[in-house]
Amino acid sequence: MSVPTTSPLPPSAGIIETEGLGRAFGELWAVRGLTLNVRRGEVFGLVGPDGAGKSTIIRMLTGILPPTEGAATVAGFPIEGGEEQLKTRISYMSQRFGLYADLTVEENLSFYGDLYEVPRRERGPLEERLLGFSNLTPFRKRLASNLSGGMKQKLGLACALIHKPEILFLDEPTNGVDPASRRDFWRILYAMLKEGVTVFVSTAYLDEAERCSRVGLMHGGRMIQCDTPQRLKQGIPGRLVELEAGQPRAALEILSGRFDSGHVSLFGGKLHLYADSEEEVAQALAALGEAGIEVLGAKSIPPTLEDVFIQQVTHTPQEAVS
Amino acid sequence: MWERIYRMLVKEFIQVLRDSRMKALIFVMPVIQLIMFGYAVTTDVDHIRTALCDLDKSPQSMALIERFTGSGYFSLVESTDRPGRLGELLDRSQATLAIQINPGFADDLRAGRQAVIQTIVDGTDSNTGTVAMDYSLRITQAFSREVGAPVALAGLAQPGLAPIDLRTRAWFNPDLKSRYFNVPGVIAVILLLTSLLLTSMAVVREREIGTMEQLMVTPILPLELILGKTLPFALICLADVLAVTAVGVLWFHIPIYGSLWLLLAGAILYLMSTIGVGLFISTISHTQQQALMSSFFFYLPAVLLSGFMFPISNMPRAAQWLTYLNPLRYFLVIIRGIFLKGSGLEALWPQFAALAILGIALLSISSTRFQKRMA
Chain B
2 MSVPTTSPLP PSAGIIETEG LGRAFGELWA VRGLTLNVRR GEVFGLVGPD
52 GAGKSTIIRM LTGILPPTEG AATVAGFPIE GGEEQLKTRI SYMSQRFGLY
102 ADLTVEENLS FYGDLYEVPR RERGPLEERL LGFSNLTPFR KRLASNLSGG
152 MKQKLGLACA LIHKPEILFL DEPTNGVDPA SRRDFWRILY AMLKEGVTVF
202 VSTAYLDEAE RCSRVGLMHG GRMIQCDTPQ RLKQGIPGRL VELEAGQPRA
252 ALEILSGRFD SGHVSLFGGK LHLYADSEEE VAQALAALGE AGIEVLGAKS
302 IPPTLEDVFI QQVTHTPQEA VS
Chain V
15 MWERIYRMLV KEFIQVLRDS RMKALIFVMP VIQLIMFGYA VTTDVDHIRT
65 ALCDLDKSPQ SMALIERFTG SGYFSLVEST DRPGRLGELL DRSQATLAIQ
115 INPGFADDLR AGRQAVIQTI VDGTDSNTGT VAMDYSLRIT QAFSREVGAP
165 VALAGLAQPG LAPIDLRTRA WFNPDLKSRY FNVPGVIAVI LLLTSLLLTS
215 MAVVREREIG TMEQLMVTPI LPLELILGKT LPFALICLAD VLAVTAVGVL
265 WFHIPIYGSL WLLLAGAILY LMSTIGVGLF ISTISHTQQQ ALMSSFFFYL
315 PAVLLSGFMF PISNMPRAAQ WLTYLNPLRY FLVIIRGIFL KGSGLEALWP
365 QFAALAILGI ALLSISSTRF QKRMA
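If you read the sequences in order, they're chains B and V. With my numbering as the guide, the letters of the first sequence map in order to residues 2 to 323. With my numbering as the guide, the letters of the second sequence map in order to residues 15 to 389.
Read the hints as simulated data drawn from the structure, not as lab findings. Quick caveat, the model's predicted, so the values are computed rather than measured. C-beta: ideal position from N, C-alpha, C; glycine also. Careful: at least some of the hints might be erroneous.
These stretches of chain V come out as covered by chain B in the derived footprint (C-beta under 8 Å, 3 or more residues) [said to hold, decoys possible]:
#: 1; stretch: 16-25
#: 2; stretch: 28-36
#: 3; stretch: 291-303
From just these sequences and the hints, can you work out the full model?
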């Protein structure tokens with residue numbers, strides 16, 4: 002399946018460009034045929050379930066995992082041959098944040114500053130600002146091991162920003178982080194965007210993907226869709242109906258028997274029915290009536306990215322993902 | 015470049031010194047080990063448990079027994095009148111040596127005939143057995159020289175009153191104290207274990223907690239990363255050399271005749287090899303557990319095939335060839351030479367050269383394997 006090239010943003014040279022990028026581990030392809038163009042100042046979201054190849058892409062783009070096929074340039078440097086130069090321009094926060102638990106907040110921050118050779122005189126105000134940003138100033142003498150999950154993750158972000166990178170790669174940064182810290186985290190990211198930083202983030206949370214300027218949907222190592230969240234949602238044909246039924250689980254079973262997989266799903270007590278036409282909706286309501294399930298309400302709703310993702314994944318031909 | 019290495023070093027020291035258990039492991043354990051080994055690892059044989067059956071009960075037989083017990087090498091565990099009892103005591107390992115003096119011993123001596131006493135030694139521990147036999151022989155020889163009559167140990171080829179009076183003198187360690195020989199060896203072994211484990215575990219630990227991946231995306235050069243992960247441990251191990259040497263000299267009164275500087279220089283070359291091996295282990299291990307197992311897999315043969323306890327010259331040819339790859343082999347010669355003989359570079363240069371070659375080779379192999387890449 003080809004990746005749509007249309008984009009609401011004016012075309013320009015991408016800060017990340019990949020061409021047929023792929024990586025195999027033994028016989029197994031973790032990522033295959035990735036052609037992508039990320040523009041400066043974007044928040045690009047890589048969305049997909051675990052094992053879809055998100056981390057592999059990020060590791061290739063940060064120059065620590067050589068690709069099996071294809072090529073890519075990041076910040077103007079090829080990922081093979083230019084990986085050491087590109088490392089000075091980018092920042093990467095791995096899933097585990099990569100902090101030293103036995104160093105304090107301050108020591109972690111200044112260690113990463115040292116590795117990137119940030120001049121000492123610039124360091125002071127920058128550290129203050131980053132600590133302030135992440136609300137870590139009162140904890141600067143605390144060992145990283147004694148921080149909460151959310152604070153650890155914000156410290157990881159602060160460490161990643163100490164050398165003012167052009168691109169910030171984040172691999173599932175908010176995995177297992179409480180909602181308040183997640184909000185804080187995105188607040189910091191938006192502030193970075195204002196300063197012209199490009200953010201490349203992978204996530205399994207679709208609500209986070211909504212915050213991205215463009216989203217690539219990953220499935221089985223392939224990017225099956227790539228566009229703005231808005232267009233992705235408009236792009237699905239047919240209509241989405243939200244049903245409120247007396248016995249949602251029973252209703253789900255009945256409708257699942259009548260529709261293809263992926264057309265019916267349960268969203269917190271309510272059923273989402275993805276129908277091709279108005280007729281199909283009527284048929285579904287009739288089927289529920291026959292089964293004696295009371296339908297309390299049915300209304301058309303705009304699809305969320307989650308709906309798009311489920312619809313896309315189930316409609317992707319098998320050969321495209323194998 | 016040096017700035018970044020220095021920062022890595024500082025970080026590593028903060029981590030080690032902040033952890034009180036780690037501090038104890040690095041600085042206290044080697045000293046405790048040396049003290050333990052210094053007392054326990056001894057091949058000196060004294061207080062041989064001796065059983066006695068004196069059936070002669072003459073002033074002469076008592077004088078001979080007095081020689082045995084007075085020498086300090088033998089302690090009498092039981093005196094019996096029943097010869098069969100000696101066998102029982104040996105069987106139960108309650109005695110290592112049994113002496114039987116038959117009736118007529120004094121008569122033989124007076125008549126100028128050869129007087130015979132029976133000694134039986136437990137040969138299970140061949141080293142102790144041989145030494146016990148040797149001591150017995152010397153005591154009886156001295157005794158017969160004094161009384162002017164030949165006394166023989168039954169069943170042993172006996173030079174009797176030797177026409178040649180052989181007088182041996184041991185150099186460098188005149189009292190032949192095994193501790194003098196062992197304590198420097200223990201220092202070398204402790205150093206091997208400490209440097210091997212510190213290096214292999216430190217790198218793998220960063221891989222386990224995910225900081226290695228984070229380090230790999232920084233612009234740090236592979237060489238800086240390697241030096242940053244090895245220099246701190248080299249320095250810690252050198253501090254250990256000083257601490258353990260001080261204990262050896264001040265506590266065990268091991269003489270150090272040679273130059274301390276030469277010893278440190280040798281230790282640096284030695285650490286290059288052991289840290290090279292540790293680094294290599296870290297490149298093939300994914301977890302700390304694997305690193306630990308691999309370290310011991312190297313450590314044990316390295317100790318056994320080094321001449322630490324068993325002389326290399328006694329090993330089969332193939333094993334002897336293998337010892338040429340063992341850094342401990344060379345460092346043992348260096349440290350023992352410097353401690354006991356006061357050897358200088360003019361005597362030890364082959365060992366220094368071998369360690370340098372081995373160290374550079376091992377470090378280069380490990381460094382090429384140590385990449386700033388994953389998988």
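Structure-based check of each hint:
Coverage of a stretch by a chain is defined here by at least three residues with a beta carbon nearer than 8 Å to that chain's beta carbons; for the stretch 16-25 of chain V and chain B the count is 4, and the condition holds. Using a Cβ-Cβ cut-off of 8 Å, 4 residues of the stretch 28-36 of chain V lie near chain B, which meets the minimum of three, so the contact claim holds. Coverage of a stretch by a chain is defined here by at least three residues with a beta carbon nearer than 8 Å to that chain's beta carbons; for the stretch 291-303 of chain V and chain B the count is 0, and the condition is violated.
The structure shown violates just one earlier hint, number 3.
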